[in-house]
Structures are given as structure tokens and as C-alpha cells.
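A.B. asks: Read off the chains here:
Number of protein chains: 4
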Amino acid sequence: MNKQIPVAVLGANGSVGQRFISLLGDHPLFKVVALTASDRSIGKKYKDACRWILSEKMPAWAEEIVLTPSDVNSINGAQICFSALPASEAYDIEPALAKAGIVVCSNASSYRREIDVPLLLPEVNGEHIGLITQQQRNHGWQGAILTNPNCTSTGLTVALKALDDSFGVKKVMAVSLQALSGAGYPGIPSLDVIDNVIPNINGEEEKVEWEPLKMLGKITDNGIKMADIQISAHTNRVAVIDGHTVCVNVELAENPTIEAVNLSFLNYRGPKIAQNLPSTPDPVIDVRYESDRPQPKLDRFTGKGMSTVVGRVRKDTILTLKFVVLSHNTIRGAAGGSIYNAELFLSQGFLK
Amino acid sequence: MNKQIPVAVLGANGSVGQRFISLLGDHPLFKVVALTASDRSIGKKYKDACRWILSEKMPAWAEEIVLTPSDVNSINGAQICFSALPASEAYDIEPALAKAGIVVCSNASSYRREIDVPLLLPEVNGEHIGLITQQQRNHGWQGAILTNPNCTSTGLTVALKALDDSFGVKKVMAVSLQALSGAGYPGIPSLDVIDNVIPNINGEEEKVEWEPLKMLGKITDNGIKMADIQISAHTNRVAVIDGHTVCVNVELAENPTIEAVNLSFLNYRGPKIAQNLPSTPDPVIDVRYESDRPQPKLDRFTGKGMSTVVGRVRKDTILTLKFVVLSHNTIRGAAGGSIYNAELFLSQGFLK
Amino acid sequence: MNKQIPVAVLGANGSVGQRFISLLGDHPLFKVVALTASDRSIGKKYKDACRWILSEKMPAWAEEIVLTPSDVNSINGAQICFSALPASEAYDIEPALAKAGIVVCSNASSYRREIDVPLLLPEVNGEHIGLITQQQRNHGWQGAILTNPNCTSTGLTVALKALDDSFGVKKVMAVSLQALSGAGYPGIPSLDVIDNVIPNINGEEEKVEWEPLKMLGKITDNGIKMADIQISAHTNRVAVIDGHTVCVNVELAENPTIEAVNLSFLNYRGPKIAQNLPSTPDPVIDVRYESDRPQPKLDRFTGKGMSTVVGRVRKDTILTLKFVVLSHNTIRGAAGGSIYNAELFLSQGFLK
Amino acid sequence: MNKQIPVAVLGANGSVGQRFISLLGDHPLFKVVALTASDRSIGKKYKDACRWILSEKMPAWAEEIVLTPSDVNSINGAQICFSALPASEAYDIEPALAKAGIVVCSNASSYRREIDVPLLLPEVNGEHIGLITQQQRNHGWQGAILTNPNCTSTGLTVALKALDDSFGVKKVMAVSLQALSGAGYPGIPSLDVIDNVIPNINGEEEKVEWEPLKMLGKITDNGIKMADIQISAHTNRVAVIDGHTVCVNVELAENPTIEAVNLSFLNYRGPKIAQNLPSTPDPVIDVRYESDRPQPKLDRFTGKGMSTVVGRVRKDTILTLKFVVLSHNTIRGAAGGSIYNAELFLSQGFLK
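Chains A, B, C and D, in that order, give the protein sequences.
Each residue of the first sequence is one higher than the last, beginning at 0 in numbering that gives the first Met the number 0.
Each residue of the second sequence is one higher than the last, beginning at 0 in numbering that gives the first Met the number 0.
Each residue of the third sequence is one higher than the last, beginning at 0 in numbering that gives the first Met the number 0.
Each residue of the fourth sequence is one higher than the last, beginning at 0 in numbering that gives the first Met the number 0.
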């Protein structure tokens with residue numbers, strides 16, 4: 000692993016694109032060789048085209064990179080493309096790259112529901128990486144498309160997986176309080192959200208109700224057998240910069256003690272193949288015992304923003320349990336998740 | 000009704016006390032004759048003792064009133080006391096006043112659970128005012144204690160009542176996104192809530208899970224027979240100034256269409272005896288049909304802050320329905336609610 | 000004045016357009032007969048085309064009005080047009096309307112610097128309305144263009160006028176903390192301003208340094224003789240919804256006591272011709288004596304949002320005085336100001 | 000320098016105390032051996048007594064430390080005490096410690112104005128450390144008191160020093176937009192500052208108008224000869240978590256070009272003795288050339304929060320120049336500044 004793999008960031012100007020650049024700067028396995036953007040930015044230096052919004056500075060190595068189009072001839076030999084493209088653009092670009100032999104690790108929702116596209120949280124369903132074999136055979140591709148789920152599904156699914164392994168999950172009610180960065184930039188107007196709550200996010204509830212079922216499902220010779228779980232969601236936007244909070248009620252097959260539940264979270268490690276990668280969360284799940292945690296401002300950077308943080312685990316009078324889950328939506332829930340997926344892909348010998 | 004009843008506001012300096020003063024200035028039935036406060040403010044003019052935090056100006060009539068203690072000899076002949084006292088102070092002061100012949104309309108939680116104390120939302124359970132007869136007989140009082148519920152229970156219970164009348168409510172899951180003014184002043188430190196969510200409010204979940212059961216119950220000769228409904232709550236504090244939002248899932252005895260549900264909200268009027276009072280909400284329930292409403296910033300002043308606003312009514316895959324409820328926590332959920340209770344008390348001829 | 004004048008609101012969908020509609024609903028002199036919008040909204044009902052963002056509800060009378068283009072044939076006989084158009088559109092539309100006999104009361108900056116266009120704050124320079132005679136003669140118009148200043152210039156200029164009348168103003172240093180609504184809708188992205196200050200507003204400092212000089216100038220037979228005052232400004236955007244705060248240092252020709260300065264503010268009435276109009280601020284200037292006022296949240300609605308609020312008047316060691324000025328940027332500083340201008344125009348018999 | 004000096008943090012529970020703990024964890028020269036607190040926390044473990052509010056986690060090494068009183072017998076042999084005490088407590092405690100041979104690096108304002116107490120920003124006036132000799136002689140102390148300035152004075156003074164060295168500063172007008180963490184915890188109530196500006200901070204303007212004069216003065220055999228500069232300040236609180244922004248106008252003895260001014264900032268290094276310490280800011284001053292920078296959210300962590308960031312340098316029509324200065328108020332402006340002072344003290348051989 001001495002030699003770093005050349006990678007590109009597609010859609011480098013946006014909020015997720017920026018997070019990719021922030022995270023990839025000193026990555027042990029990957030070296031950024033290209034940044035792509037939409038037409039009006041092509042040909043400009045990254046420092047001139049990008050309205051940088053992260054509190055850490057734009058890395059010096061990225062400043063002078065000249066933005067290129069998102070096609071195979073413009074990405075400077077990158078073998079992996081991290082895609083922060085809007086779903087509408089991803090729809091055409093991602094399969095074209097896969098066909099051309101490139102591995103696309105995508106944040107876009109365009110292909111998450113395809114039967115042979117893994118929807119991956121390595122610490123949850125790392126073994127779903129095996130779908131790549133089906134995908135490459137089905138399409139005759141050398142490359143591949145890997146996707147990571149919606150940012151609200153992410154923390155929720157990690158927590159559900161720990162519970163499902165120990166006690167069996169049957170029903171889930173989830174109410175999210177989601178951060179502004181999840182809407183991208185410029186995203187939510189300040190006049191809409193200061194002193195306010197927006198009690199809906201377009202298309203989000205469908206994703207939260209469906210994506211975990213695929214991730215908690217079993218890989219078969221012909222795609223994923225969906226988990227037999229029912230999920231019902233409310234999604235809300237609140238005046239938080241980063242970090243999605245989800246209030247969860249679950250019905251389990253068993254009725255464990257609170258202590259047993261907290262232990263199941265703390266001891267959860269995920270599949271072996273996902274345990275020792277550079278981006279493996281440490282801890283995978285953190286449990287807070289205070290009465291008012293997790294909180295986005297205080298807990299979103301747990302495990303460098305890759306951990307799922309659970310708290311307020313208590314009995315529910317209607318279903319079995321209730322608790323609160325937090326995860327960092329642009330790190331674990333977006334750019335960091337894609338990078339973790341690429342690491343898994345690489346470690347499994349899929350990169351030719 | 001030509002002559003206005005003399006009234007006092009107990010705990011006039013706090014955020015609910017201020018809202019009482021803002022609402023009582025031009026009330027047709029009541030005239031404020033005394034404002035009370037804790038020791039260090041007694042003897043000061045209201046304008047000098049109170050750190051006014053409402054965006055409407057402190058009314059000129061209140062500025063020069065000298066603050067007095069909360070006892071029967073210091074309230075200048077008031078027949079009704081609106082109590083914005085902390086629960087610990089209310090515990091001793093409110094029954095002492097009732098014993099002395101005063102009617103106490105209280106926001107404090109101290110006596111809400113007493114068998115003969117009505118927990119009142121007139122548009123929900125106006126007939127519970129009849130408990131006053133039991134209360135006065137039990138204690139030998141000429142006066143009385145009336146309570147209004149916790150601010151989060153308020154809007155939720157109004158919506159549940161409309162559903163219960165039409166379709167029968169069996170189970171309720173409620174997740175609140177509560178405003179800062181609900182914590183009083185100084186209340187929540189800014190460093191705790193800007194760019195943050197606090198996923199717990201001490202004691203609030205118990206109130207939200209219990210109070211609606213009493214209000215939706217039936218009055219008997221010996222207190223209230225509690226409603227046979229199960230409620231499970233998560234309560235959260237968010238960076239909103241006024242207006243509590245609640246995401247609700249309900250299981251009903253029937254399975255009505257969305258149209259039927261919306262109509263049940265729109266057509267709900269509440270008991271006749273509560274319909275034509277000065278503070279009767281108009282409408283009792285407003286229904287918003289947009290995909291992202293109600294919102295606290297835009298909808299909290301519906302019906303001068305007395306209406307309950309419902310939106311996003313849709314089918315639930317686990318229980319029967321899900322929707323969002325909003326109400327103004329310091330108007331309908333506190334000061335305005337107490338005043339409405341006093342109006343009901345008066346209209347029923349209880350004031351001697 | 001029995002009969003109301005028919006008026007139109009140009010650019011009715013934006014934040015200033017909405018404020019016009021909110022203020023004009025029960026105006027004694029004006030009746031809205033048309034609302035205009037840009038191409039993609041034309042033909043739609045106002046309630047369907049407008050994303051309403053004010054906390055008061057959209058008035059019922061406006062909901063069903065069908066949006067039309069901003070030309071003389073589409074405004075349903077309106078004699079006065081209140082313009083909330085972007086400067087680029089105002090540039091062509093406003094003179095075309097004036098040429099067609101319409102009176103345009105404009106918030107746009109396009110014509111503020113024209114020699115024969117009054118830049119009006121009636122309580123400051125009501126007599127500048129006389130420029131209309133020069134304007135109509137110069138252009139051969141029956142109609143006219145009246146402008147109101149930039150929202151930050153507004154409160155500052157009212158305060159300076161009171162000081163100038165009493166003590167002579169020579170130099171002014173102004174640092175603004177401006178509200179989000181001043182940037183229109185969608186305006187400032189939430190990710191840019193929560194937990195942040197933006198220390199510049201494009202083009203704003205030039206306006207704040209120039210506009211007061213015209214308004215504090217003298218009308219001559221050939222335009223306005225600019226006031227001999229130097230102004231230097233910093234403009235900042237802060238996380239406030241409505242209400243611009245300005246920290247001011249001034250050098251005066253005299254060295255009055257603080258009491259004399261406060262009295263000069265309190266006693267300031269402005270020109271007689273502007274004193275008894277429906278929108279005349281009451282008070283014209285309010286003075287707060289607390290150590291931490293004015294504050295936008297608490298003071299922006301003084302005089303229904305039309306008053307200028309001054310506080311913290313104290314000696315300055317470098318210039319003569321320092322103080323803080325607040326005014327409501329979308330009421331006094333935009334829509335309310337335009338309406339006040341139209342009232343003055345009408346009262347002076349200019350409307351044929 | 001192999002052996003670390005044992006140090007204590009006085010007032011460890013507060014917001015500045017927490018920042019000390021966050022910064023001292025892996026300091027090359029200092030090792031924390033004691034944390035002190037007020038009476039009701041004494042005897043408790045830090046993790047149980049402290050309401051931690053920083054987004055980085057409480058360091059594991061601090062969690063188990065048992066809080067002690069702030070006296071010489073309770074600080075476990077610490078040679079340096081970093082004081083985050085309130086001014087009223089610092090008044091008695093700090094000289095008692097100095098008398099007992101301890102070096103106190105204080106954030107409190109209690110002794111900043113003493114003739115023989117250095118008010119230190121090492122990169123500005125490192126040579127003022129020489130006052131320690133006078134102080135120890137005057138009081139017969141083995142220990143010493145070193146102070147760092149008010150958080151708003153800090154960034155302003157660094158910028159003024161660079162200008163003064165190059166062009167001579169004569170007059171300064173400063174308007175601050177200060178962060179919430181400057182008021183400590185719980186500090187500013189959320190209801191006071193969301194959707195608001197508070198246009199005053201008690202006692203702050205006096206500090207901003209006086210402290211820079213001492214720091215920009217010359218050390219003599221008998222204290223500091225104050226700089227001959229006039230400063231006038233407005234101070235405001237805004238809804239920002241960390242990072243004070245100051246809008247500055249200055250009159251200089253010369254009239255340099257903007258380029259020359261920017262170079263004077265960029266090339267400023269400060270006294271040699273302060274240039275190579277562990278906390279020396281790198282860069283000392285950063286210059287931003289964008290039209291809307293510095294911004295607290297984006298620039299407060301420049302140089303790990305120790306740099307002063309300047310932007311928008313432009314000509315002023317009344318004084319000579321105007322610009323914007325930003326610095327991190329709890330790092331450079333408080334805990335980080337005290338640590339830098341201690342490093343200077345140590346490097347100059349004052350620690351016996």
C-alpha cells in the first residue's frame with residue numbers, strides 16, 4: 000500500500016465536495032489528482048471558483064488545481080471518483096465513468112435503489128460489497144458504482160444494526176432534527192430557519208423509510224433481500240449547522256434491559272472486513288449516559304465525525320425502546336462515508 | 000358584564016407574567032389591580048423591577064404599579080389571581096389564596112394532578128370546570144384553583160380531542176421541538192442552543208404522557224376518569240423563540256381518509272360553553288395544506304396565538320396517521336390559556 | 000379624501016413587496032388594484048405564486064389577485080405604483096410608467112442620484128417633494144418618480160437631521176449591524192450567517208456615505224445642494240431578522256450637553272407638511288435611556304415600525320458624540336417609507 | 000526543557016477554564032497538576048462538577064482530577080497558576096499566590112491597571128515582561144502576576160501595533176461585534192440574543208479605550224509610559240459563538256498606500272523574545288483580501304486560534320484608514336494568551 004491511488008472529486012465546489020477535500024488531504028491510500036465542476040467553473044483554479052464554507056482552511060494543495068469536467072478524459076488518470084454531484088447530473092455521469100473502468104463512490108441518490116448497486120455503511124453491511132461482482136457482470140463494467148445512504152439514514156441504520164443483531168428489530172419510528180449543511184449550499188435561506196423549524200424535507204422521509212431496509216437486508220445471488228422491518232419517519236430542518244439528531248422508538252423481538260441495550264451499542268463492531276480501515280469509526284457507536292445528550296454541537300465530532308452517538312436509551316410504553324441518535328451528516332453521512340466505502344472496496348481487492 | 004373584575008398577576012416579572020400583562024391590558028372582563036413578585040422586587044415599580052423581553056412595549060398602565068407580595072392582603076381586592084409562579088412557590092401560595100376566597104388560574108404544575116382540580120383547555124374539556132364544586136366542597140373553600148396544562152400538552156391535546164371525537168384515539172407518539180420561551184427567563188443559555196438541539200427537557204415527557212389523559216377523560220362525581228389512551232413522548236429544545244412544534248403519530252379506532260381527518264380538525268368547535276368567550280380561539284384548529292407547514296415563525300400567531308395549527312396529515316405505516324401540531328406556548332400554552340379558563344369560570348357563574 | 004386612490008405594487012412577490020401588501024390592506028387613502036411580478040409568475044394568483052414569509056398572514060384580499068406585468072396597460076388603472084422592483088428592472092420600467100402619467104414611489108436605487116428625483120424621508124426633507132415640478136418639466140411627464148433611501152441610510156438620516164437642525168453636523172462615522180431581510184428573499188444563506196458576521200454588504204457603504212448628503216441638502220431651482228458633511232461607513236450583516244442597528248460617532252459645530260442632545264431628538268418633529276399624514280411616525284424619534292437599548296428585537300416596532308429609535312447618547316473623545324440608532328428596515332426603511340412618500344405627494348396636490 | 004513545569008488552572012469550570020484545559024493537554028512545557036473551583040464544586044471530580052461546553056471532548060486526563068480551593072496549599076505544587084477567576088475573587092487570591100512564590104497568569108481585569116503589572120501580548124509588548132522585576136521588588140514577592148488584556152482589546156492591539164511601528168497611530172475608532180463566549184457560561188440568555196443585537200457590554204468600552212494605550216506604551220524604570228493615542232469604542236454583543244470582530248478607523252501620522260498597509264500587517268513579527276515560543280501565532284497577522292472577510296465562522300481558527308486576522312483595508316475619508324480585525328476571544332483573547340505569557344515568562348528565566 001505504499002503507492003497512493005489517484006482519485007478525483009466530482010462536484011468539488013459544493014458543501015460535500017469541500018468536505019471530501021478537507022478529508023482527503025492526508026489520506027494514507029488516496030491522492031487527489033483532479034477536481035471537477037459544472038460548466039461555469041471549468042478552467043478556473045479551485046481557490047477562485049469555490050466559495051469555501053468550512054471553518055478549517057481550504058488546503059493549500061487544492062487551491063491551484065484547475066477544475067475540469069466530470070468525464071473520464073478530464074480526470075487526470077483518477078481510478079476512483081468521489082461523487083458529490085447532484086442526483087440529476089449523477090444519473091448520466093456515474094455509469095459512464097463505471098463503464099470506462101472508474102470506481103465511483105457516490106453520495107447521489109440516483110442509483111441507491113438498483114438491485115446490483117451496494118448501498119453501503121461498511122460497519123453495517125460491509126459484505127454487501129459483494130454486489131459489485133453482480134454489477135460488473137450485469138453491465139460488463141470494469142469499473143463500479145458504490146453508494147452511501149442519505150445522511151439521516153446513516154446514524155439511524157448503524158444504531159438499528161446493533162439492536163437487530165442482539166434483539167431483532169421489527170418496527171421503527173424516527174423523527175429527525177436535521178442540520179442545514181444537509182441541504183447543501185446556498186441551501187436553506189436564513190429567513191426561513193432562524194427562529195423557526197421547517198417540518199418537512201422533500202423526499203427525505205421516503206429515503207429514511209426505505210434505505211435502512213436495504214442495508215439491513217441479506218445479500219443473495221440476485222441482489223439484496225430486504226429486511227422485514229417497518230419504518231415510519233418525520234423529517235424536520237432546524238437551525239443547526241452540522242449534525243443530524245434522530246428521536247427513535249423501536250419495537251424489538253425481545254425485551255432487553257436498558258443495560259443490555261447500552262452494552263449492545265457499546266460492543267457493536269460491525270463486520271470484520273470493515274474493522275481496520277483508515278476511516279473505521281472509533282468507537283463505532285458511542286453511548287452517552289447524561290440526560291441531555293447527544294447534542295449536535297457537543298457530540299458531532301466524536302470519532303472525528305465518523306462515530307454514531309446514542310443516548311437517552313429508555314423503555315417505551317408503546318413500542319419497546321426509545322432513544323436518540325446523532326451523526327455528523329457531512330462526514331459520516333456523506334464524504335467520510337464515501338471514503339470509507341472506497342477503502343473497503345480497495346481492501347477487498349476489487350480495484351484492478 | 001359592564002363592570003370589570005379586579006384581577007392580579009402573580010409572578011409578574013417572568014416571561015409568562017409579562018405575557019399576562021400584555022394580554023390583559025384591554026380585556027373586556029378583567030382589570031389588573033395588582034402585580035406580585037418575589038422579595039427583592041417588592042416595593043419597586045414594575046417598570047423598574049421587570050426586565051421586559053416581549054417585542055410589544057410594556058403597557059403604560061403597568062409601568063407605575065408597585066409590586067407586592069403574593070398574599071391575600073397585598074393584592075388590592077383582586078378576585079381572580081393569574082399565577083405565573085414557579086411550582087415551588089405556587090405549592091403554598093395558591094391554596095392559601097383559594098382558602099381566602101380568591102380564584103387562582105394557575106400555570107404552575109403543582110396541583111394539576113389533584114383529583115378535584117380541573118386541568119382545563121376550555122375548547123377540549125370545558126365541562127371539567129364542574130370539578131370546582133367538588134373542590135370547594137372538599138376543602139370548604141369559597142375560592143378555587145384552576146390549572147392549565149403544560150405548554151406542549153396544550154396543542155397536542157386539542158388536536159387529539161378532535162380526532163378522538165371523530166375516530167377514537169388509542170395510541171399516541173409525540174416528538175416535540177420546543178421553543179426557548181417555554182424555559183422562562185433567563186432560561187436557556189445562548190451557548191447551549193445556538194447551532195444546537197437539546198434532546199431533553201426535565202420532567203416534560205412525563206407531563207406530555209399524563210396530562211392529555213386527564214383532559215381527555217370524563218368528569219365523574221369523584222374526579223376525572225382518565226382516558227384509555229397510551230402516549231409516548233420525546234421532548235427537545237430548539238433555537239426557536241416562541242411556538243412549540245410536535246410531530247405526532249396516532250393509532251385510531253377507525254381508519255379514516257385524510258380528507259375526513261382534515262375535516263374533523265376544521266370542523267372541531269369544542270363544548271358549547273367554551274365557544275363564545277373573549278379568548279375562544281378562532282379558528283379552534285387551523286389546517287395547513289402546504290407540504291412544509293405549520294412553522295413556528297409563520298403560524299404561531301394564528302388566531303392571535305390561541306389557535307392550534309395542524310398540518311402534514313398523512314397515513315402512517317405503523318400506527319394510523321401522522322401529522323404536525325403547532326401552538327404558541329406562552330399564549331395558548333400559558334397566559335392566554337389561563338385567561339380563557341377564567342372567562343369560562345366566570346361565564347358559568349362560579350364567581351361569587 | 001373619501002375616495003381611495005387605486006394603487007399597484009410592482010414586484011409583489013419579494014420581501015419588500017410582501018411588506019407593502021401587509022401595510023396597504025387598510026390604508027385610508029390607497030386601494031390596491033394590481034400586483035405585478037416577473038414573467039414566471041404572471042397569470043398566477045398571488046397566493047399561488049408568492050412564498051409568503053411574514054409572520055402576519057397574507058391578507059385575504061390579496062390572495063386571489065392575479066399577477067400581471069409591470070406596464071401601464073396591466074395595472075388596472077392604478078394611479079400610483081409602489082415599486083419593490085430590483086434596480087435592474089426598475090431602470091426601464093419606472094420612467095416608462097412616469098411618462099405614462101403614473102406616480103412611481105420606488106425602493107429601487109436606480110434613480111436616487113438623479114438631479115430632479117427627490118430622495119425622500121418626509122420627516123427629514125419633505126420640502127424636497129418640490130423637485131417633482133422640475134422633474135415633470137424636464138421630462139415632459141405627467142407622472143413622476145419619487146424614491147426612498149437605502150434602509151441603512153434611513154434611520155441614520157432622521158437622527159442626523161435632528162442633530163443638524165440643533166447643533167450642526169460636520170462629520171459622521173457609522174458602523175451598521177444589518178438585518179437579513181434587507182437582503183431580500185432568499186437572500187443570505189443560513190450557512191453564511193448562523194454563528195457568524197459578514198463584514199460587508201456590496202454597494203451599501205457608498206449609499207450610506209452619499210444618500211444622507213442629498214437628503215440633508217437644500218432644494219434649489221436646479222436640484223439639491225448637497226449638505227457639507229463627511230460620512231464614513233462600515234456595513235455588516237448579522238443574524239437578525241428585521242431591524243438595522245447603527246453605531247454612530249458625529250462631530251458637531253457645537254458641543255451640547257447630553258440632555259440637550261436627547262431633547263433635540265425627542266422634540267424633533269420634521270417639516271409641517273409631513274406631520275399629519277397617515278404614516279407619520281409617532282414619535283418621529285424615540286429615545287431610550289437604558290444602557291443597552293435600542294435592540295432590534297425589542298424596539299423595531301416602535302411607532303408601528305415607522306419611528307427612529309436612538310439610545311446610548313454619550314460624549315465622544317474623538318468627535319463630539321456617540322450613540323446608537325435603530326430603525327425597521329422593511330417598514331420605515333422600505334415599504335412604509337414609500338407609502339409615506341406617496342401620502343406626502345398626494346397631500347401636496349401633485350396627483351392630477 | 001525536558002521537565003514540564005507543574006501548573007494549575009484556577010476557576011477550571013468556566014468557559015475560559017475549559018479552554019485552558021483544552022489547550023494545556025499536550026503542552027510541551029506545562030503539566031496540569033491541579034484544577035480549582037468555587038466552594039460547591041470542591042471535592043468533586045472535574046467530570047462530575049463541570050458542565051463542559053466545548054465541541055472537543057473533555058480530555059481524559061482531566062476527568063478524574065478532584066477540584067480543590069484556589070490557595071497555595073491546595074494546588075499540588077503548581078509553580079504557575081492560570082487564572083480564569085472572576086475579577087472579584089481574583090482580587091484577593093492572585094496576590095496571595097504571588098506572595099507565596101507562585102506565578103499567576105491571569106485573565107481577570109483586577110490588576111491590569113497596576114503600575115508594575117505587565118498587561119501582555121507577547122507579540123506586541125513582550126519587553127513589558129521586565130515590569131516583573133519592578134513588581135517583585137515593590138512587593139517583596141518571589142512570585143508574580145502577569146495579565147493578559149480584555150478579549151476585544153487583544154486583536155485590536157495587535158493590529159494597531161503593526162500600524163504604529165510602520166506609520167504611527169494617532170486616533171482609533173473601534174466598533175466591536177462580540178461573541179457570546181466572551182460573557183462566560185451561562186452568560187447571555189438565548190432569549191436576549193437570537194434575532195437580536197445587544198448594543199452594550201458593561202465596562203467593555205472603558206477597557207478597549209484604555210488597555211491598548213498601556214500595551215502600546217514604553218516600559219520605564221517606573222512602570223509604563225502610556226502611548227499617546229486616543230481611542231473611542233462602541234461594543235456590541237451578537238449571536239456568534241466564538242470570535243470577536245472589530246470595525247476600525249484609524250488616523251495615522253503618515254498616509255501610506257493600501258499595499259503598504261497590508262504589507263505592514265503581513266510582515267509584522269513582534270519582539271524577538273516572543274517569536275519562537277510554543278504559542279507564538281503563525282502567522283502573527285493574517286491578511287484576507289476578499290471583500291467580505293474576516294468572518295468569525297471561517298477565520299477564527301487561523302493559526303490555531305492565536306493569529307489576528309485583518310481584512311477590508313481601505314482609505315477612510317475622515318481618519319486615514321479603515322479595516323476589520325478578528326481574533327478568537329477565548330483562545331488568543333483569553334486562555335491561549337495567558338499560556339503564551341507564561342511561555343515568555345519562562346523563556347526569560349524569571350521562573351526560579
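Hints may contain errors.
If chains are identical, the list can't say which one is meant, so a pair holds when it fits in one copy or spans any two.
[What the hints assert, rightly or not] Calculated lysine-lysine pairs in the DSS-like style (CA-CA distance at most 30 Å, straight line):
#, residue 1, residue 2
1, LYS206, LYS43
2, LYS44, LYS56
3, LYS271, LYS56
4, LYS217, LYS169
5, LYS314, LYS56
6, LYS44, LYS224
7, LYS56, LYS224
8, LYS44, LYS30
9, LYS56, LYS303
10, LYS170, LYS56
11, LYS170, LYS30
12, LYS170, LYS43
13, LYS351, LYS56
14, LYS30, LYS43
15, LYS169, LYS98
16, LYS30, LYS314
17, LYS46, LYS314
18, LYS2, LYS46
These are calculated hints, taken from the structure and not from any lab test.
A.B. asks: So, for every hint listed, does it hold in this structure?
C.D. replies: Cross-check of the supplied hints:
Taking the shortest alpha-carbon separations for LYS206 and LYS43, neither the intra-copy value of 35 Å nor the inter-copy value of 33 Å comes in at or below 30 Å. Taking CA atoms no more than 30 Å apart as the test, LYS44 paired with LYS56 passes inside one copy only; the shortest distance there is 16 Å, against 37 Å between copies. When the C-alpha separation of LYS271 and LYS56 is checked against a cutoff of 30 Å, the pair qualifies only between copies, where the shortest distance is 28 Å, while the shortest distance within a copy is 35 Å. In this homomeric assembly, LYS217 and LYS169 come within 30 Å of each other (Cα to Cα) only inside a single copy, at 16 Å, whereas the closest approach across copies is 35 Å.
When the C-alpha separation of LYS314 and LYS56 is checked against a cutoff of 30 Å, the pair qualifies only between copies, where the shortest distance is 28 Å, while the shortest distance within a copy is 44 Å. Taking the closest pair of Cα atoms, LYS44 and LYS224 never come within 30 Å of each other, the shortest separation being 46 Å inside a single copy and 48 Å across copies. When the C-alpha separation of LYS56 and LYS224 is checked against a cutoff of 30 Å, the pair qualifies neither within a copy, at 44 Å, nor between copies, at 40 Å. For a Cα distance limit of 30 Å, the shortest separation of LYS44 from LYS30 inside one copy, 18 Å, qualifies, whereas the shortest one across copies, 45 Å, does not.
With identical chains, the CA atoms of LYS56 and LYS303 are at most 30 Å apart both within one copy (17 Å) and between copies (11 Å). Neither within a single protomer nor between protomers do LYS170 and LYS56 lie at most 30 Å apart by alpha-carbon distance, with minima of 43 Å and 34 Å respectively. For the identical chains of this complex, LYS170 and LYS30 are neighbours neither inside a copy (42 Å) nor across copies (51 Å), given an alpha-carbon limit of 30 Å. With identical chains, the CA atoms of LYS170 and LYS43 are never at most 30 Å apart, being 50 Å at best within one copy and 43 Å at best between copies.
Proximity of LYS351 and LYS56 under a CA criterion of 30 Å is satisfied in neither setting, with 35 Å inside one chain copy and 41 Å between copies. In this assembly of identical chains, the alpha carbons of LYS30 and LYS43 lie at most 30 Å apart only when taken from the same copy (21 Å versus 49 Å across copies). Neither within a single protomer nor between protomers do LYS169 and LYS98 lie at most 30 Å apart by alpha-carbon distance, with minima of 39 Å and 54 Å respectively. Taking the shortest alpha-carbon separations for LYS30 and LYS314, neither the intra-copy value of 47 Å nor the inter-copy value of 44 Å comes in at or below 30 Å.
Proximity of LYS46 and LYS314 under a CA criterion of 30 Å is satisfied inter-copy only: 27 Å between copies versus 51 Å inside one chain copy. In this assembly of identical chains, the alpha carbons of LYS2 and LYS46 lie at most 30 Å apart only when taken from the same copy (27 Å versus 44 Å across copies).
When the structure is compared with the earlier hints, violations turn up for hints 1, 6, 7, 10, 11, 12, 13, 15 and 16 and for no others.
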